[in-house]
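Trainee: Sequence:
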Amino acid sequence: MEEFIKYIPFLIPLVIIQFGFMAYVIIDILKKKKTKNFSPLIWIVIVVLLSNLCLGAVLYLIFGRMEAEAKDDDGI
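Under the working numbering, think of the first position of the sequence shown as 852, with each following residue one higher.
These are computed hints drawn from the structure, not numbers from a lab.
Glycine is no exception: its CB is placed at the ideal position from the N, C-alpha and C atoms.
Any given hint might turn out to be false.
[Stated by the list, open to error] Taking CB as the label site, the calculated pair distances span:
id : residue 1 : residue 2 : range
1  : Ser902    : Tyr858    : 11 to 21 Å
2  : Glu918    : Lys857    : 43 to 53 Å
3  : Ile856    : Ile893    : 37 to 47 Å
4  : Ile878    : Met852    : 11 to 21 Å
5  : Glu853    : Leu892    : 37 to 47 Å
6  : Arg916    : Pro864    : 17 to 27 Å
Turn these sequences into a full structure, and let the hints guide you.
Mentor: Structure follows, in structure tokens:
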């Protein structure tokens with residue numbers, strides 16, 4: 852137990868970063884109405900269930916995030 856207590860000051864910032872990253876991805880999913888490959892609800896479940904090492908969030912950013920649509924400047 853003493854070994855674990857010794858590492859707590861290093862683990863707290865990592866946990867905060869992990870939850871912040873997961874919150875960012877969930878907010879991004881909720882803002883967008885469409886995602887690639889799965890529905891937004893399924894992506895949220897994947898992000899939460901695979902939150903270990905931020906795996907679910909990384910999978911969403913690589914495989915699920917829709918690209919921003921290019922806007923034509925010439926108005927056609």
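Trainee: Okay, Ser902 versus Tyr858 on CB: inside 11 to 21 Å?
Mentor: Given about 20 Å between the Cβ atoms, the range holds.
Trainee: Starting from the range 17 to 27 Å, see whether the pair Arg916 and Pro864 falls in it by beta-carbon distance.
Mentor: 26 Å, holds
Trainee: Is 11 to 21 Å right for how far apart the beta carbons of Ile878 and Met852 are?
Mentor: 37 Å, violated
Trainee: Is the hinted range of 37 to 47 Å satisfied by the C-beta distance from Ile856 to Ile893?
Mentor: 39 Å, holds
Trainee: For the range 37 to 47 Å, tell me whether the beta carbons of Glu853 and Leu892 fit it or not.
Mentor: 43 Å, holds
Trainee: Does 43 to 53 Å hold as the CB distance between Glu918 and Lys857, or does it fail?
Mentor: 45 Å, holds
In this structure, only the earlier hint numbered 4 is contradicted, and the remaining ones agree with it.
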